[in-house]
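The residues making up each chain are set out below.
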Amino acid sequence: MTIDISALEAYREIMGEEADAFIADIIKTYIQNGANLVQIITDSLASGDKTSFERAAHTLKSTSATVGAKELSAVAAELESLCKTEALSTLAPKVGQLAQEFSKAEAELQAHREELG
Amino acid sequence: MKIPAPPRWRSKTSRYTLFGIFFGLLFPLLGSILALWERSIPVSLQAILELQKNSPLLWIIDTAPLFLGIFANIAGRRQDSLLDIQANLSALVEKQVDEMRQSNQVQTLLNMLLTIGLENLSLNEQLKQSLEIILSTPPLNALSKGGIFLADDDEPGVLKLFAHKNLSEPLLNTCALVPYGRCLCGKVASTGKLNFSSRIDHNHETHYEGMQPHGHYNIPITLENKILGVIVLYLEEGHQSNPREIAFLEVAASALAGIIQRKRVEKRIRLQGVALEAAENGVVITDANGIIRWVNPAFTELTGYALSEALGKSLNILKSGAHDSQYFDDMWKTITSGHSWHGELINRRKDGSFYTEEQTITPVRSKDGRIDHFVSIKQDITNRKEAEQEIARQKQFFQTLVENSPVAIVTLEFDHSIRSCNPAFEKLFGYDENEIIGRQLDDLIVDPDDRAEAVDYTKASLSGEIVRGIARRRRKDGQFVDVELFGAPVMVNGKQAASLAIYHDITELVHAQRKAEMAAQAKAEFLANMSHEIRTPLNAVIGMTSLLLDTSLNEEQRDYSETIRNSGDALLDVINGILDFSKMEAGKMMLEKQPFYLIQCVESAIDLLAPRAAEKGVEMAYILQEKIPNRLLGDVTRLRQVLVNLFGNAVKFTEKGEIVLTVSCKEIAVNHYELHFAVRDTGIGIPPDRMERLFRSFTQIDSSTTRKFGGTGLGLSISKGLTEMMGGAMWAESEGPGKGAAFHFTVQLDAALVTSQFYPTGKQVELSGRRILFVDDNATNRVILTRQTQGWGMLPTALASPKEALRILQSGETAFEAAVLDMQMPEMDGIQLAQEIRKIQALDPMVLIMLSSIGRHSIEIPEKLFTAILSKPIKPLGLYQALATAFGSRPAKAKQTQDLSIDKYLSIRNPLRILLAEDNPVNQKVALGILGKFGYRADIAANGLEVLQALERQTYDVILLDMQMPEMDGEEAAQHIMNELPPEKRPRLVAMTAHALEGDREHYLAIGMDDYISKPVRVDELQRALEESLPLSSGK
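Going line by line, the protein sequences match chains Z and D. Residue numbers for the first sequence follow this note's numbering, beginning at 62 and rising by one. Residue numbers for the second sequence follow this note's numbering, beginning at 2 and rising by one.
Same shape as in the complex, but just chain Z (with noise of 0.2 Å):
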């Protein structure tokens, strides 16, 4: 297992009856724009744009930490340090990484949305 499910799960004390609705939310929420920044840290890569790259990285630690992707998080994070030192195209590599880690988070996210209905 890649998902911590207790990071979301922690929420649903907090909400109450909402939470498999409020949780499916920030899953359904999480994964399109998990997606997107995937795409913009392999578009900056491909044009260089670092900025884009650290700020795509950053956003991407922080939500899959939310969600409970740790593994997704930590290699988010080795990216957003990286970029500041190295050269972009050097982190290739890393991107695929990521890139996979964002797939298997994603479809095991969406099979925990779809356990909630």
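Derived by calculation from the structure, the hints in this document are not laboratory data. Possibly wrong hints are sitting among the right ones.
Only pairs whose alpha carbons sit at most 25 Å apart, straight line, appear in this in silico SDA-like list of lysine to any residue [what the hints assert, rightly or not]:
#1 K594(D) x T90(Z)
#2 K145(Z) x Q965(D)
#3 K594(D) x G77(Z)
Given the structure of chain Z, go ahead and fit chain D onto it with the hints provided.
Chain D alone, transformed into the frame defined by chain Z:
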């Protein structure tokens, strides 16, 4: 006639000789007898011989027979030769007479043959009769057997048997077809020479069953050295041929040749005649002066003149006057000089109408070379002419259309080059037709950027597709035009000949559309802003009024405050309605697709209206059909909105009675359902003539209704729009004023597959088989309770009358384990009834559950009288739990965790205006969700700039500031705020960062931030941060 053969023996000569000898013998015999008598010697042979020896005189007498014989012979001879001469003479005469007779007969036969040739008979019949005649000729008539073979033009080298007489069946079969060279007939056909044979010899190759000995004549029928056929005649075996016979047969054969030839010519002529008669083209034969000698039926059809009418008339009867005399002079000159004339003529029919014909006139020369006839062949081409004119007319029509069309039209060759274009095309693109013909269309009017797309269009239209689209094209001067383009293949006889492109200049249209879109955008933005701008202060009004109502107020102040509160709520409703309506109008209304529990949706809608209904004493109830999936996918908020709207109307317009919702469904595809909701009330109803106005925006059934009941008239039209968006419809029914109304709507929803919430459907172990009694004066409630508990396997009895219930319980007829009692009943209320029941069952107390309406809690209920108290409307889950609990076995409790650690009243204790500055939607949702649980509604800014803009519009008490945002990050925004606002007016700045690094907190506090929390946001941390914040007005 038979000539007698001369006899070997002349009969008279021998007779005379014998007589002479015999007579001579008498003398010696008589002399001897006399001599003996004289001597008286008896007559005996010995005596005679003795006498003879002794009388020499007798010897002389003995010579008499010799001499007499000789004389008689001579006399006989003479007689015989006389007879011979006489016989020869008569034979000669007879022979000559016979010959004369024969020659006469032959002549007659030939005449008959020739006559047959002239008779109007079929060739077959003629041949048959001819054969008969030939065979009747003596001596051929002995067997009277033969046939005539003819050569066939269609099958050269083969003889076909045409006519026959007395030929046996096997022979007919064998010799029906005889190849040249085979057997006697075939040999004759190939040599052309007559054959005679007196018997069957080696030449007779064909043998057939039952063949008798016979001889043959095979006579060729020839004409100008061409074999027309062969005559076969059967002869008696041994027949002797003679030249006369042969000559006759040869003449007969040539007569037959004449007959056959004549028939053939006749046939050809007849065929030609038929051909002319049957020709579709009119044929006229005139003499050298143009006088009609013959016309065919087609001529009659064409001109209206019958043969009899036309004969002897001049061709001038057809003249229409359409051609001048020069025209006819030229024609006449051509044909009289021996040439054919070909041309078109407009002629006049007999009935005076005109027609156009194509005519060929051919002069016909006689044997001496003089032109004595003209043959004219006419073809009516009026239809063709008319068709040609129609085509020309249409062509002209289309040409005019194309020339004057305001849309640009260009036709293309297969190689994408321009074939032609119209003036509108020239005008639109600035090119002259002459300079572009033959050039590549896509080179001329397509910008290189659009080339790929343009080539696709061109290719598609040239491959027979119809294409259309909206595109950008370039003028000669380089300017762009927006066009709607349309490409179509031009088909000729089912084959593509070219293609056509049409360009409609839509630059203006596109411009207008963009303007309209911008206007719509502006409107939408305006509305969104307005919504924010209006709702923010309104929320403050409502929220503060609520707080105000919690303070100690005197009666008057409370009244005013409640009025403010109610008006605020009403205003918020109106604004929400208008916003929904404008969203829907603009097509901007979006529906979510999230799983929800139908029952929760329905119950929450009822809960909202139940207090108002209870205040008016109106019962509310709902029945869900059992088959409905309890969890569905859709926009629960909007569905609830529709239900609330309908319930709201129903409550508004119903003074007494009940409001019942029924929900049924049908599965219209796998896992896809159409739900049918019906809200029935017993209210004022709808007059039939007002029915149609119901769903119109901004109208109510009449203006008096508006005055009396209030409302914008938007609710129903929004609800109707929402149900339509959900794939359904909405309609209303009413029997008329005072008879209540029913509002129906349908929606289509998918069922959510996974259910994680417990919901009691079907047989329940805890309840199954238990007897339960319902006492409620409301029939609908009785039905609902009965149906629901039956579903769980219980055995319900529902009664309207408390007294009846008591009677049954007292009688002990049925052992009920539980009773559900309605609180408000006319005879006896629920409490009284319960007390009576308890009296009856003092020893074995049954489970008693009370149903009461919300808002009537003021009634004092004696403690422990009821096992449970449920509020109406009846909710299945509540009833199930109450019963199951009462029966002692707790069912698996639904997963309903309500952690009370969250402080729902934080927002009331510490009302704050919060701005959440966070660009990421996930984090936004999480933060808003938690804030919502505290009771806060935060505004959102997606970056630093938006934070500053928001601050210009409104004052915030707290800003939750994400440090890393696009455009302007949190740190920069914070610097701006700190620079521009004095500390007392400055909102509390709470920095948020993801995965806080060591020292982040110190860093942000050092640069002047008031607080710091890390992301993901934790509830306790956020609560602490909010608790430490204070509304600005209270001073920092």
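Violated constraints from the hint list, given by number and in increasing order: Every hint satisfied by this model.
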